[in-house]
Structures are given as C-alpha cells and as structure tokens.
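Each chain, written out:
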Amino acid sequence: MSRASAKIEREKFWERNRKSDGYLLKKTVSNGFYKIARAILLFGLCFLIIQPLLNKISISFMQEQDLYDATVISVPRNFTTFNYKLVDQLSSYWTCLRNTVFVALLVSVIQVAACTLVGYGFARYKFPLKKFWFACVMLSILIPPQTISSSLWLHFSFFDVFGIFKAITGKTINLQNSMAPYIMMCIGCMGLKSGLYIYLIRQFFRNIPKELEEAAYVDGCGKLKTFLRIMLPDAKPILTSCFLFAYVWQWTDSYYSKLFLGKVKLLPKALTSLTGRLGDYLTSMYGPGIMASAAYEQAMIATGLLMTIIPLLIIYLVAQKGFVESLSQSGIKM
Amino acid sequence: MKAKKKKTLAQKNAIAGYLFILPFIIGFIAFLGYPLIESIQMSFSEVTVGNGGFSMRFIGINNFKKAFTVDPEFNRLLTESITGMLYKVPATLVFSFFVALLLNQDFKGRGFVRAIFFLPVILSSGVIVGLEYNNTLLQGMEDVVKESGSNSSITATLQSILDTGGMGSKFFGYVFDILDSVYDIAIAAGIQIIIFLSGLQTISTSMYEAAKIEGCTAWESFWKITFPMVSSLILVNIVYSIIDFLIRTDNEVMEKINKTMSMQMDYGFSSAMAWSYFLCVMAIIGVVSLILSKKVYYYE
Numbered sequence: 010m011s012r013a014s015a016k017i018e019r020e021k022f023w024e025r026n027r028k029s030d031g032y033l034l035k036k037t038v039s040n041g042f043y044k045i046a047r048a049i050l051l052f053g054l055c056f057l058i059i060q061p062l063l064n065k066i067s068i069s070f071m072q073e074q075d076l077y078d079a080t081v082i083s084v085p086r087n088f089t090t091f092n093y094k095l096v097d098q099l100s101s102y103w104t105c106l107r108n109t110v111f112v113a114l115l116v117s118v119i120q121v122a123a124c125t126l127v128g129y130g131f132a133r134y135k136f137p138l139k140k141f142w143f144a145c146v147m148l149s150i151l152i153p154p155q156t157i158s159s160s161l162w163l164h165f166s167f168f169d170v171f172g173i174f175k176a177i178t179g180k181t182i183n184l185q186n187s188m189a190p191y192i193m194m195c196i197g198c199m200g201l202k203s204g205l206y207i208y209l210i211r212q213f214f215r216n217i218p219k220e221l222e223e224a225a226y227v228d229g230c231g232k233l234k235t236f237l238r239i240m241l242p243d244a245k246p247i248l249t250s251c252f253l254f255a256y257v258w259q260w261t262d263s264y265y266s267k268l269f270l271g272k273v274k275l276l277p278k279a280l281t282s283l284t285g286r287l288g289d290y291l292t293s294m295y296g297p298g299i300m301a302s303a304a305y306e307q308a309m310i311a312t313g314l315l316m317t318i319i320p321l322l323i324i325y326l327v328a329q330k331g332f333v334e335s336l337s338q339s340g341i342k343m
Numbered sequence: 017m018k019a020k021k022k023k024t025l026a027q028k029n030a031i032a033g034y035l036f037i038l039p040f041i042i043g044f045i046a047f048l049g050y051p052l053i054e055s056i057q058m059s060f061s062e063v064t065v066g067n068g069g070f071s072m073r074f075i076g077i078n079n080f081k082k083a084f085t086v087d088p089e090f091n092r093l094l095t096e097s098i099t100g101m102l103y104k105v106p107a108t109l110v111f112s113f114f115v116a117l118l119l120n121q122d123f124k125g126r127g128f129v130r131a132i133f134f135l136p137v138i139l140s141s142g143v144i145v146g147l148e149y150n151n152t153l154l155q156g157m158e159d160v161v162k163e164s165g166s167n168s169s170i171t172a173t174l175q176s177i178l179d180t181g182g183m184g185s186k187f188f189g190y191v192f193d194i195l196d197s198v199y200d201i202a203i204a205a206g207i208q209i210i211i212f213l214s215g216l217q218t219i220s221t222s223m224y225e226a227a228k229i230e231g232c233t234a235w236e237s238f239w240k241i242t243f244p245m246v247s248s249l250i251l252v253n254i255v256y257s258i259i260d261f262l263i264r265t266d267n268e269v270m271e272k273i274n275k276t277m278s279m280q281m282d283y284g285f286s287s288a289m290a291w292s293y294f295l296c297v298m299a300i301i302g303v304v305s306l307i308l309s310k311k312v313y314y315y316e
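Here the protein sequences line up with chains S and Y, keeping their order. FYI, the numbering for the first sequence is 10 to 343, going by our numbering. FYI, the numbering for the second sequence is 17 to 316, going by our numbering.
No lab work stands behind these hints: they were computed from the structure. Only a predicted model underlies this, so the values are computations on that prediction, with no experimental measurement involved. Wrong hints could be hidden among the right ones.
A few chain Y residues that face chain S, going by a derived Cβ cut-off under 8 Å, partial list only [as the list claims (entries may be wrong)]:
1. Gly33
2. Pro39
3. Gly43
4. Ala46
5. Leu48
6. Gly76
7. Phe80
8. Val129
9. Ile132
10. Ile138
11. Ser286
12. Val304
13. Tyr313
Built from N, CA and C at the ideal position, the CB exists for glycine as well.
Chain Y with its partners taken away, still in its complex shape (with noise of 0.2 Å):
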C-alpha cells in the first residue's frame, strides 16, 4: 500500500474551499458557461429544430447583419432603451441618494416611512411591472382629463413658460421627462435606497461632531465627509441601476428578443440580438465604471 501523502493546511483549505463553491461551479457551467458559448455560436448560424434534436448551419454574419439593417425595430429600441437609460439612471441615483438621507434622519414614524419606501422593492418586480406598464385605462382617462379641462398638467405649463425664455429647451425637454416620470423613479429605486441607507448608517456619528466643532456647516459637512463616504456605494449602484433597468421584464428590447424567440422560434436572430445588446450593456458599464473607479474614495 502506498503511504498516504500528508496535505498541507494551505492544500485542505483548498479543498474545503472548492467543495463548497462546487455548486456554483457545476451550475456556471452547465448553465451558464455553456449556454453562453452555444448561444455566441447560434448568433452567428441558422437554428433548426428537428425531431430528438437542432442542428446549426453557420451564416457568418447574417443574423446581425438581420438585426441592424433589415429588422425595422430593433436599431430604433436599442437606442431608445440606451438614451432612457442615461437619463433615467442618474434620476434614479440622485432620487435615491436623497430619499436615503431623509430616512436616515431621526423623525416620528421612519419605520413607517421606510416600509413604504421600500414596498416597491417587492412590488415592482416581475409580472406587476409588465402589466402596470400597459395600463390603458389610466392613459385613457389622463386624456379624458386633459381634453375636458383647460387646465393642462403643471410640468406642461412650465415648461411652455420656461420654452419661450428661449432657453435650452431639449435639456428642459429631458428635465420635464424625468419629472413627469418621478413615479417609475420612486418605484424603481427600492434596493438603491437601501444600499445607500446601509452605507449611511455605517458612517460614525463622532465624524460629524468633530467636523461640527471644526466650525462644519451642514452643508459642508455633506460634501466632505458624507459624500465621500459613500462614494463607493454611488458606483455600486450605477451599476445595479443600468443592469436593473436595462434587463428589466418592461425593457422593448428584451420583450422583441422573447417574441423572437417564443413565437417565432428564429433562435439564430434572437441570440443575436440578445448578444448585441448585452454588448452595448456591457461596453456602457465598463466605461462607467472605469471613469468613476478612479474618483471613488475607499475608507478602510
């Protein structure tokens, strides 16, 4: 019999370590690693489904060539999604930023408080965001409203006022945009507001007081001490704000990728489409998070 070899500390914590991310490795790849390859492969071949199996025909290009000249929806989705994307994100962002200082402050009823605020968190994910969104009741009775009064909405009115003063008025466009979609904002901004708070609450309190002493306005307190603080927090949810909204159930583009691939069965367009998107996602975060990595303060 061969004399057992004895395994350092190092090689068994090895070991202990690698059995017990086993689950996630088997799963990566068989359901993800694998996947990924296979569909990268359909993006660029013709899928058909036969009996007991599919087969794939490579066509080099010719499913994104689909995608970007002949399909007449998909270019017009994808930038769509990608420009309310860029304004929306930093809405969300400052949305949540702010929502997250109020509800660390000290006030009757911020349990309350905090529990509404977060009950979009459950409430807006899933089948509820995908049927809210074609809500034609409520647009039919906003245009019954509008038609019967005079009195248009109060973000319209501003905004003619503020139109005429010959302004910038595309930026205001995008500004009036943002206000009018302060709802889908507040629903949309649950787990930012509770990473923000998190990252709040781990902020000690004897820094301000000190700052305070120093002679600190509020003001300034927040710009040196809080700001930075959660700074790094900020590219966190940059990140978690593009990917939530980008592959969120309501998103155009992913509700054209399921059709094509549902109703249609055309898997060779729907992975290419799927693919190029994910693309633009992916270049969008990098860049993102490669110009704020930089900025971010770590406090260890």
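Okay, chain S solo, but in the shape it has when bound (with noise of 0.2 Å):
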C-alpha cells in the first residue's frame, strides 16, 4: 500500500520535474546538498566543542605511563581511578562540593532577588533622573571589576559606616575572610554580572502589557501586591533563566571568591591549587626533591576539572530549555 503511494509519488514527481523543465529536480538536489553540507559542518563545530571535554576523560582515567606512551591516544590503556582518589584526597573534594553548592545558591538567590526588585523598578515606574541611574546600571556592567578592586579589598578589611564602628569600639572591622561583604555586594546588586541581570529583567517587565498592572490596580491590588502576585508569576522563565545563570557562573568564579571568600573552602579555588597540593603530597609520600611531572599535574588538573563540572553539566542537562529558551524569546533589544 505505502510502497504503491510512494511509487505514484515518484512518477508525480518526475512529471511534475518535467512540466518545471527540469527546476524540481535541480532544487530537490541542490537542497539535499546543502542538508548534507550543513550537517557536516554542525556535526565538525560541536566535535570542536567537545572535544576538549572527551579528551579530559579520557585522560583523567588514565595512568601516569600512558600519558607518555605515543601509541595511546584516547582509550586508556591501563584504566584506573586513582586520579579521582588523588584529587578528592587533596582537595577534600566533599567540603568543597558542599559549600560551593551552599555559596553559589545563597548568593544566586539573594542576587535575583535584589536584580529583580530594581529591574521592575526600572521597567514600570517614572520617577526623576531614572536615565541617569539607568545609565549607572550600564556602567557597572562596563566597568571590569578589577578597577574597583584594590579600593573594596582595602575598604573590607579596615571596614567602617561613616565611622560609627570606630567611634564605638576604637577600631574598624576587618570583614575579609567572612562572607559577609560579598553578601553586602549581592543585595547591592553589585555582585557577579549583576548589571546583566538587572538589564534582562527589565527587558522582560517592560514587555508585560500596562493593562494587566491596571487592572490590578482596579481592583484594588496595592503596587507590592500587583508586583508579587501579578508581575512576579509571570517572570518566572526569565527569572529562572538569571538564576541558573548566576548559579553556574558563580559555580565557576575564582576572581570575587578569592577576593572575598578567602577562608571558605570552594572548588575552583581547590582547583587552582590543586598543582601544589600534588606537589607537597608527593614531597610528604616520597620524600623531598619528588617532583610531579608536568603531563600528570595536567592529568590532574583534567580530574579535578571534570570533578567541578560534573555537577554543572547535570545541571545544564536537566535544565537546558530553562537556560536558553526563555533568554532567546525575550528578545533583546537596545
């Protein structure tokens, strides 16, 4: 039955390529060419993108001799898991697992939180000199943080408000190694990328016709209320979207973590001090003057790599329509 359908198809077609002298036929080609091109070139741009990702597995269950064995090149040839012994060991890999998870989730919620508050402020209220702030809110994107950095280090360590604290005790408060300052930054909106936030929540609210805030008021809602019950529940793919943003991209920050958590034990700090753990345990196993060689310490560091982005990558799987979807039918704009 489908085979006779398909065979009438096939004859329609050729009548049809006729009566077209021959377009159909041309099309139909040069279309299949370019599926077949177009797949090819996807399917080489994501290899090039995961490559890197393959090669560190490969290379992270491998032993340290086949690292050097040029006829070894992906499947290892003596499989083993002691680089993941080895890394959780000398990073202490749970502790660190645990207060990433913690950090990152605190400082995530409390930056949304405060990103969305300004950002509805921005998107549907007119109030004096609403440019210029917004113009700040540009600024604190533009600005590397960097620039700014020597000042807060030295402000949160001799920190003081208009010199009460001094007046009181006779001394500043050194707020470095807590996690206070960088909290102060998140609810400030002043923390990891938090301009980027604000900016794409207020894309998001000032779409949100004016009806609907009307008739809220209408009937009788106050402006807290239309914002928590009418606003906030329709926001919530944009909101989400920020959230796993600021979740991950704080999962993977070294610069305000080392600037700010200097005692919590985090992964990616773990990480970036993985190469001299390594040397000191082997120093302490084998006495000194045992040096790592430089292709075990990459070893190494692959592990301990994969060992931070395992989680992410869970979550990116479960939750990618989340991290994209909503972003891109926002629309952007200028």
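Two chains, two separate frames, one set of hints: put the complex together.
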C-alpha cells in the first residue's frame, strides 16, 4: 500500500519535474547537498566544542605511563580511577562541593531577588533621574571589577560605616575572610554580572502590557501586591534563566571568591591550588625532591576540572531549556 | 497637627520606583561609585597600608609614568590585547551570526545541537578559562606531533602556498590566526549566539513569504530583511564581545593588574594600570558604538 503510493509519488515527481523544465530536480538535489553540507559543518563544530571535554575524560582515567605512551591516544591502556581518589584526597572534594553548592545557591538567590526588584522598578515606574540611574547600571556592566578591586579590598579589610564603629569600639572591623562583604555586594546588585541580570529582567518586565497592571490597580491591589501576585508569576522563565546563570557563573567564579571568600573552601580555589598540593603530597610520600611531572599535573587538573564541572553538566542537561529558551524568546533589544 | 498633604499619582509612582531601585542605588554608591572615585585618587598617589587603615600620599602622575615608561611589560601587554581584540571580535561576531542562522533553521536534532553550542556559556567562565589557558601538556603534544611528522597543519601549508603568491602576507597572517583560534572563538561565542538567535526569532515569517512572492532570492532576502532586522543586535554583541574579551580572566593585562595588587601590594600602581586600561576600553567602545549606532536600523 505504502509502496504503491510511494511509486505514484515518484511518478508524479518526474512528471512535475518535466513540467518545470528540470527545475524541481535541480532544486531537490541542491537542497539535499545543502542539508548534507550543513550536517557535516554542524557535526564538525559540535565536535570541536566537546572534544576537549572528551579528551579530559579519557586522560582522567589514565595511569601516568599512558600519558607518555605515544600509542595511547584516547582509550587508556591501564584503566584507573586512582586520579579521582587522589583529587578527592588532595582537595577535600566533598567539603568543597558542599560549600560551593551552598555559597552559589545563597549568592544567586540574593542576586536574583535584588535584581528583580531593581529591574521591575526600572521597567514599570517613571521617576526623576531614571535615565541617569540606568546609565549607572550600564556603567556597572562596563567597568571591569578589577578597576575598583584594590579600593574595595582595602575597605573591607578596614570596614566602617561613616566612622561609627571606630567611634564606638575604637577599631575598624576586618570583614575579610568572612562572607559578609560579598553578600552585601550582592544585596546592592554589585555581585558577579548583576548589571546583566538587571538589564535582562527589565527587558522582560517592559514587555508586559500595561493593562494587566491597571486591571490589578482597579481591583484594589496595592503596588507591592501587584508586583508579587501579578508580575512575579509571569516572570518565572526569565527569573529561572537569570538564576541558573547566576548559579553556574558563581560556581566557576574564581575572581570574587578569591577576593572576598578567602577562608571558605570552594571548588574553583581548590582547583587552582591543586598542582601545589600534588607537589606537597609527593614530597610527603616519597621524600623531598620528588616532583610531579608536567604531564601528570595536567592529568590531575583535567580530573579536578571534570569533578568541578560534572555537577554543572548535570544541571545543564536537566535545565537546558531554562537556560536558553526563555532568553531567546524574551527578545533582547538595546 | 499638620494636615497631610495629598501626593499626586506621579509623585507616588516616583516614590515607589525609587523604593524598588533602592538596593541598586545604595549598592552603586557604596560598592562602585565610591571605590571608583577612590581608585582614581589611588592612581595618583602612593598607598601605604598600615595598622588599622591605609593612607595616601599624592605623587601626581608618577604611577602612570611608571606604567607607560618604566614597566617593561605593560605597554606590550596593552597593545597586544587590544590588537588581539581588533581581529577576534569581528571573527566572533561573524561566527556567532553564522551559527545563529544555522541554528534558526529547522532540522532534526536541533535541540541537541543547540545544547552543545550553548555549553561553552557555562564551561568557559571563571576558573576554567584560566586553567585551559596554560595547558602545557597539549602544547607539548602538539610540538611532538609537529616534529615527528613532516605533515604540518593544514593552515600552515595553505599559508605557505598563498604566501608565495606574493599577496599581502600580513593580512593572511591574521586570517590564519583566526582559523587557528576557531576553537577559542567557538568557545567565546555562546552568549552572542543566544542574542542573535533571539533577534532572528522575532522576525516574522510573513516578511520572508512576501519577499519570496515578489521574487527575492534567499541571498537578497538575507541582506534586505535578516541583516537590517538584527543590526541593532550587532551593536549589542560588539559591545558585549569587547567587554567579554577584555575583562575575562585569561586576559594578560588583567592578570598583571591582579598580580601587582595581590602579590606586590602596590595599590597605587595597580589602580593606575587598571584606569589606563579601562580608559582604552571605553574609548574603543565609544568610537565603535558612535560609528555603528548611526547605521543601525530599529524596527518598532
């Protein structure tokens, strides 16, 4: 039955082709070529992007001798999970993981909450100097955090509000090595990429029709209630996007965590100090003078890197839609 | 008792608006505005950290002088990273626009391909970039491969062929640099692809249909419809790419500034370097957006 209909289709195709003076055939063939070329191109680019990841996975299961063996390319000859155990031991992986999960969650929730308020204010209210303050948001995106980091660092080391603490206790407070500075910055929308989140959230709220808001006012909702009950539920997709980005970027961030979260054990910091620890470990095991080879250090870093990003990959796979779809639907405009 | 004055609706709205953006105002003044002014001050002075505080002594433009004339690295790093940006940003833009066009088409497994292309957004941030950057093992392996086999890389061979043709070899040098760093570009293009894709999705299909009926080829409708419709996003993306390229963790100038601050504790000098760098970045962004904003087409 279906074969017969296919045959008829084909006959029709040739007939139609004849009628169109060969145009149909030409078009079908060129379309087919285009599709194949596109598939090859996309496959190549995808491979380009995930190849380093695959490479790291294979390296992380290799023993040291495999790294120097020219005949071993991607499948390890001496399969081992020792690298993972060693990284766990050197960087106290589970403590770091727990801390990182907690810190990233705390920071990203605070960041998104603060940025939602600000973004909503910019999108739905008219007030004097609005343009000026929005220019300030842009400025906070543009200024590299390094420009002001020295000043911030000194200020949090000798923290004071208008000299109040100094007047009472005679001393300034050293907030360095506690989480307080960074939390304060997040509340003040000055955390990692906060400006970007404000911008995105404002963009979203601007597109909500005014009638919705007016209907809420007519029905007796106050300003706060309108925000909480009407606007927030609508904004779920963009808030999830921002939350996911904040979470993931906070997870891998080494700059702010190095600057402000000095004492808290976090995965990115453990990762950067991994090679040093490896050297110490080898010295303590085999006596002084024993150094890790460059190749093995890299294998350890690859393993550590994988262990750092595996939770992120899982989050990404589960919430992939949340990362991208809402962003690409909200329509970013200047 | 004084009678309460009734406020107008506009005033009420203004107050509510200010209450909503209050966190930002406080944060901006405390953690950006004030430190910014102070770091300007620092860049003109010598900072000494003592017990229970720090003090500044005004020394004029000595820090800037030191950065540009005394320091052996700063000039070189600055010019290197700016020239690097000048060819990497356009390459990133073209690449991300091209990929966004591809990903906007309908084909099997589109979701999967999209997922892979956006993977760099989460993987090329923070500490990971820095670690990838000094991957000595890969470098070593590459060298070994180059020595053992007489077959050098495709781009190098092509380059030697084209070079003998006597055409502008410097230009080709840049082109091949881009080809060699296509991985870096693909990794850095995640957000730009998302932004372009979002723009492409807002173009209504009826425009293309109308163009097709009028006899437009695909090539024409690309230049007459697609390109103008996303032109405003090109500006957004250029600005984003410049910033992203210049302040990412593996940027050498940034590394130097960080090192000067945290290792040598020379706050004045590091502020001076950071400010000269920042002013360069702002100048570039300003010039680019001034030129482009006149050519951008806004569709409302």
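Cross-check of the supplied hints:
1. For Gly33/Y, the interface hint holds, the least distance from its beta-carbon to any beta-carbon of chain S being 3 Å, beneath 8 Å.
2. For Pro39/Y, the shortest C-beta to C-beta distance to chain S is roughly 5 Å, which falls under 8 Å, so the interface hint holds.
3. Checking Gly43/Y against chain S: minimum C-beta separation of about 2 Å stays under 8 Å; hint holds.
4. A distance limit of 8 Å between C-beta atoms decides the matter here; for Ala46/Y the minimum to chain S is near 6 Å, and the interface restraint holds.
5. A least Cβ separation of about 6 Å between Leu48/Y and chain S falls short of the 8 Å threshold, and the interface hint therefore holds.
6. With a cut of 8 Å, the hint placing Gly76/Y at the interface with chain S is violated, because the nearest CB-to-CB distance is about 19 Å.
7. Because the smallest distance between the Cβ of Phe80/Y and any Cβ of chain S comes to about 14 Å, over 8 Å, the interface hint for this residue is violated.
8. Here the hint on Val129/Y is kept, as its CB sits about 6 Å from the closest CB of chain S, short of 8 Å.
9. Interface restraint check: Ile132/Y against chain S, minimum CB-CB distance 5 Å, threshold 8 Å, status holds.
10. This hint holds: Ile138/Y has a C-beta 5 Å from the nearest C-beta of chain S, less than the 8 Å allowed.
11. A least Cβ separation of about 6 Å between Ser286/Y and chain S falls short of the 8 Å threshold, and the interface hint therefore holds.
12. Hint status for Val304/Y relative to chain S: violated, with the closest Cβ pair at about 13 Å, above 8 Å.
13. Checking Tyr313/Y against chain S: minimum C-beta separation of about 12 Å lies over 8 Å; hint violated.
Checked against the numbered hints listed earlier, the structure breaks hints 6, 7, 12 and 13; every other hint is satisfied.
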